Structures are given as structure tokens and as C-alpha cells.
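Once you have looked at the hints, place chain B on chain A.
Order-wise, the sequence lines are chains A and B.
For the first sequence, our numbering begins at 2 and goes up steadily by one.
For the second sequence, our numbering begins at 105 and goes up steadily by one.
Some hints here could point you the wrong way.
Listed next, the in silico EDC-like pairs over lysine to aspartate or glutamate satisfying Cα-Cα at most 16 angstroms (straight line) [as the list claims (entries may be wrong)]:
no.: 1; chain 1: B; residue 1: K304; chain 2: A; residue 2: E159
no.: 2; chain 1: A; residue 1: K106; chain 2: A; residue 2: D143
no.: 3; chain 1: B; residue 1: K295; chain 2: A; residue 2: E44
no.: 4; chain 1: A; residue 1: K15; chain 2: B; residue 2: D385
no.: 5; chain 1: B; residue 1: K304; chain 2: B; residue 2: D262
no.: 6; chain 1: B; residue 1: K360; chain 2: B; residue 2: D325
no.: 7; chain 1: A; residue 1: K107; chain 2: A; residue 2: D179
no.: 8; chain 1: B; residue 1: K429; chain 2: A; residue 2: E214
no.: 9; chain 1: B; residue 1: K295; chain 2: A; residue 2: D47
no.: 10; chain 1: B; residue 1: K304; chain 2: A; residue 2: E18
no.: 11; chain 1: A; residue 1: K94; chain 2: A; residue 2: D143
no.: 12; chain 1: A; residue 1: K120; chain 2: A; residue 2: E202
no.: 13; chain 1: B; residue 1: K304; chain 2: A; residue 2: E153
no.: 14; chain 1: B; residue 1: K304; chain 2: A; residue 2: D143
Since the hints were made in silico from the structure, they are not lab data.
Model, not experiment: these values are computed from the prediction.
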Amino acid sequence: MEDINIIKGKVLHKGAEASLIHGFWFGKEVIFKQRYPKNYRIEPIDKQLRVTRTLNEARALIKVKTYGLNVPQVFEIDINTSTIIMKFIEGKKLKDLLFVLDDKKKSKYFYTIGEFIAKLHQNGHIHGDITTSNIIITPNEDVFLIDFGLHEYSDSVEDKSVDLHLLKRVLISSHGADFKKCFIAFKKGYLSNYDLNGSNEGKYIIQNIKSIESRGRYVKQEERK
Amino acid sequence: MKKDEGLCLGIESTAHTWSVGIVDFSGNVLGLHNNMYIPEEGGLHPALVREYHILNFKDTILNALQEAKCSMKDISLIAFSQSPGLGPILRIGALVARLLSQLYEIPIVGVNHCIAHIEIGRLMCNIEDPLTLYVSGGNTIISAHESGRYQIFGETLDISIGNMIDMIARDAGLAHPGGPKIEKLAAKSEKYISLPYVVKGMDLSFSGLYTAVRNLIESSDFGKNYTIEDVAHSLQETGFSMLAEVTERALAHTNKPELLLTGGVAANKRLQQMIKSICEDHGTRYEVVPLKFAGDNGAMIAWTGILRYKSEGGFELSHTNINPKERMDNISIPWRK
Chain A
2 MEDINIIKGK
12 VLHKGAEASL
22 IHGFWFGKEV
32 IFKQRYPKNY
42 RIEPIDKQLR
52 VTRTLNEARA
62 LIKVKTYGLN
72 VPQVFEIDIN
82 TSTIIMKFIE
92 GKKLKDLLFV
102 LDDKKKSKYF
112 YTIGEFIAKL
122 HQNGHIHGDI
132 TTSNIIITPN
142 EDVFLIDFGL
152 HEYSDSVEDK
162 SVDLHLLKRV
172 LISSHGADFK
182 KCFIAFKKGY
192 LSNYDLNGSN
202 EGKYIIQNIK
212 SIESRGRYVK
222 QEERK
Chain B
105 MKKDEGLCLG
115 IESTAHTWSV
125 GIVDFSGNVL
135 GLHNNMYIPE
145 EGGLHPALVR
155 EYHILNFKDT
165 ILNALQEAKC
175 SMKDISLIAF
185 SQSPGLGPIL
195 RIGALVARLL
205 SQLYEIPIVG
215 VNHCIAHIEI
225 GRLMCNIEDP
235 LTLYVSGGNT
245 IISAHESGRY
255 QIFGETLDIS
265 IGNMIDMIAR
275 DAGLAHPGGP
285 KIEKLAAKSE
295 KYISLPYVVK
305 GMDLSFSGLY
315 TAVRNLIESS
325 DFGKNYTIED
335 VAHSLQETGF
345 SMLAEVTERA
355 LAHTNKPELL
365 LTGGVAANKR
375 LQQMIKSICE
385 DHGTRYEVVP
395 LKFAGDNGAM
405 IAWTGILRYK
415 SEGGFELSHT
425 NINPKERMDN
435 ISIPWRK
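One chain only, chain A, in its complex shape (with noise of 0.2 angstroms):
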């Protein structure tokens, strides 16, 4: 990746998996995606584990960018250095914003998130880990998904709710004020978008979120049924 046309700048974030560098590709605004070796465990899982997320996150947000979806388009991918090149998205998290939003906002963003993710799961996509701080808000009040990172196929009623739940779960511990509205918000919007042509899956998937919780390990009997 010697190349005049390739800027790195700083690095915005050092997450446990991957550090995500801010820069220039050919004159465009980008993150470069990086994921670094890890030496506490052995080359060949390490080697593994690196390339097939890389190839599997850039793959995934290149089929999301079709359907129209809010996600970073990607440019370059370099497997040896296991790093995506994609456009940067400007804006704030969602995370950070939820305390100064109002409730009228708050509603409005759950509401279309639930709707993308709806979109997402009829593709048979899954995020994996759908939280608030893989949500950027933009100056422009658009709504982008960013991370899948740990992004699967599937067209399972159960890891579609797996999906929820992990969002669910996500709200009650980082935003427990705000969970009960913005949860409520969300089912609307998933379902809104997902029920479109008469059927019931998405009805199933949401029913589904409270068998999964009660599958959880030391959860007591009576809640069980």
C-alpha cells in the first residue's frame, strides 16, 4: 500500500479487534479498517480468524449498499494487511446522543433503525451485534449502520431474534431510562417494514426475543414458561 494517493492520518479508535485510522483515498475522505495480529494466540487461528472477517465485513457491506441501506461504501480491501478501505461517515453515535436528544427524536431514530433492520433481516442479513455506538447519526439526521464485523447469513426466525435480543439487551444495561420508549419505537418500525405483504415472520421474530431470554443460563423456573 505504498502509494501517493493512500493518506494515513490518525487514529480515531483502538477497539479489542480492530483500529480504525482516518485518511485519504485518491482525494476521498476514508477509515482504513485494520485489524492487527494478535500475538497471544497462534498464527494459524490468528491468520484465520483475521482474514475471514475481513472478507466477510466487506462483502456484507458491499450487498447491504444494494438494497439502498445506510451503510460506509467500501473502496479497496487489502487481505495481507487485513484492512478495509471504506468511505468515512461523518456524525456523531448514537450512544453519545441519546442523552441529549428528546423524546420526540428518540422515537423518530428507534423507529427507522427499525425499519433498516427490518430490511436487513428480510435479505437475510444479521447484523450481529447491533448496538448504539455501531449507529452514526449524521448532520443530516440519516441513520447509518456501521461494523459487521460479525455479520452472518441466515434466514433463521432465532438468529434474527438473537439480533434483537443482543439490542435489547444493549438498551436495558447502557440506557435504561430510555429502554421502554425506544424499544417500543424500534418494534414498530421493524414491523412496519417487515409485515409489509401480509405475512407474520416479523411478528414471530420479536415473540421469539422473550423464549430466547428465558433460555439464559440461572434463569429461574417459573420465568422459564
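Below, chain B without anything else, positioned relative to chain A:
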């Protein structure tokens, strides 16, 4: 008797270990005695373990008292493992604790087994506010203290890592306990066989890994294309990499300055090496609980009992019933701010 001095007798009885620890109110362990049930074949059958504990609990108590050079008259608090664990076994611990409490008119407190593991680790390693990786035969939990509770950030969705290793050891015909044997075998190989790696956010699943490894052992290629050493190596590397990844994610999420490794599987050198490496990358202080106090023991129950007694006093007898399925994030921690 003043509230800040005295001796606590702690009874641990959640699974195969019946253990009695005697700890003073400043946190010095004066006596600790274990009696472990070792199955002749297969795993732990709750009814058989219970029978074994019933036959042997008296000697363990007497030995611990003798080691602490005291008698029941000197004991000012009884603590017992109240949750979580195998019902029939918890019941014996609770029964003996209630009996002693009433016979000698001593206050009694119930203790959550998982919280006790963290508290004894904090005491022994002199650590204030760690992220804890608790790995044992019954539990696999990543936890940290947040808003008044020991919150669970990640956990296994099915079986625990220790349980998985034990089952594999059994399938491979190794005698109990399997963990140390698998560790020794793994050190002799560097050949990696690809195995399922299942991490869901911060949660883990080991059942698929177990099935895949069992298939390797039962396959006709076993002993020809690969040996038991290769299988042990691949099993450890995969399982521990999963643990390490989740731990690193929790560390980045919680930003805790310290990490505590505890539970029976914490004795594994390869796991210690991996977790230590992560701590070095993040500038986190790394501590592993000494083996004597990392596995199930009565001292941790006694010490956690003391902490609760100091902030809330003893339990009413009607509140000493066992709770085999209690989650640790349901329990308030009044002694920590």
C-alpha cells in the same frame, strides 16, 4: 462481641468440593480444609456426591478447626454457599450451617459462590476494582463491578470451559481430573487442527467445540493422522483464544485498570500466558489468584460472609434457603461503593 472482630467458619458445598475455611474479621485465613469427591467413572452424580459429603463433612470441619487452633466456641459467624450450584449438594451445606448456627447460637449468612470467588481474589491479590475472568468446571464468566452489582459482561451460553475440557479428557480415557492432563499433553504438540471458534459479542459457546473434538477422538484417523497431543493442543488454543478475545473486548469496554484471573481453570499456564499478554497490551495490572484460593474453597465463603455480615448483619433463618439458579448480577453488594 464487637462487629469488627471475630472468626468466621465458611462452608463451601456447591459441587465436588466440600471445604471448610476459618477466617478472622481482618481477612487472615487461619484454617482451610478440603475434601474432594472423585468419581470412579463418569461425571458428578449429584446424589452420589451428596452421600459422599454427608459421610465426610464432620472430619473436614474438625480438621479446619484444629488447623486454626480453635473450637466451635470461638466461632462468631457461620457462612455457607447458598447459590448457585447443584441443588442436593447446596442443601447439605445449608443444613450443616443452620445446624451449627442454631446449636451454638451463632449468626448465619448465605453467600453467592461466584461473588465469593471474586472477593477472595480481591483480598489475596490486594486488588481494588478488577475485571474478573472466572473460569471453572461450572462457570465461565467475565464480570466487573458497575452500579452496585457484579455485572456479567460475557458468559458461556451453554457449558463451561472446565466442563468441556473434563468431558474431553473423559472421552479420551484420561482419569479425573482431566484439566492438568490435557495441559501436559498440549505442551507436547504444535500441530493445530482447525476447530469451531464461537464468539457471539461478549458471550461464548463451547458445545460445538466439544462435539468437534469428540468427533476427532472417535474418528478412525485418531492415532494415525493426529495424536491425542495434537487434539489437546488444538482444543486449548481454540478454547483459550475465545476466552482471551472476549476478555480483551470486555477490557476495552469497561476500561478497568486491573484484571483478575480466577477459578480452577486459572491454574492453566497457557491460559495465564494469553491473558497476561492482553494485559500487557492494554497496560492493565494482571493478577492470578493462588491455586489454593482459585478453586472452590471454604475461605472465600467465610470472607464474603464476613463482608456481608459487617454491612447487613446476620440472616434470619427463614432467609437461608438455597437458590441453585441465582445469577450473581441479581445480588446487591453493599460493602462496595
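Can you list which hints this structure breaks, lowest number first?
-> 6, 14
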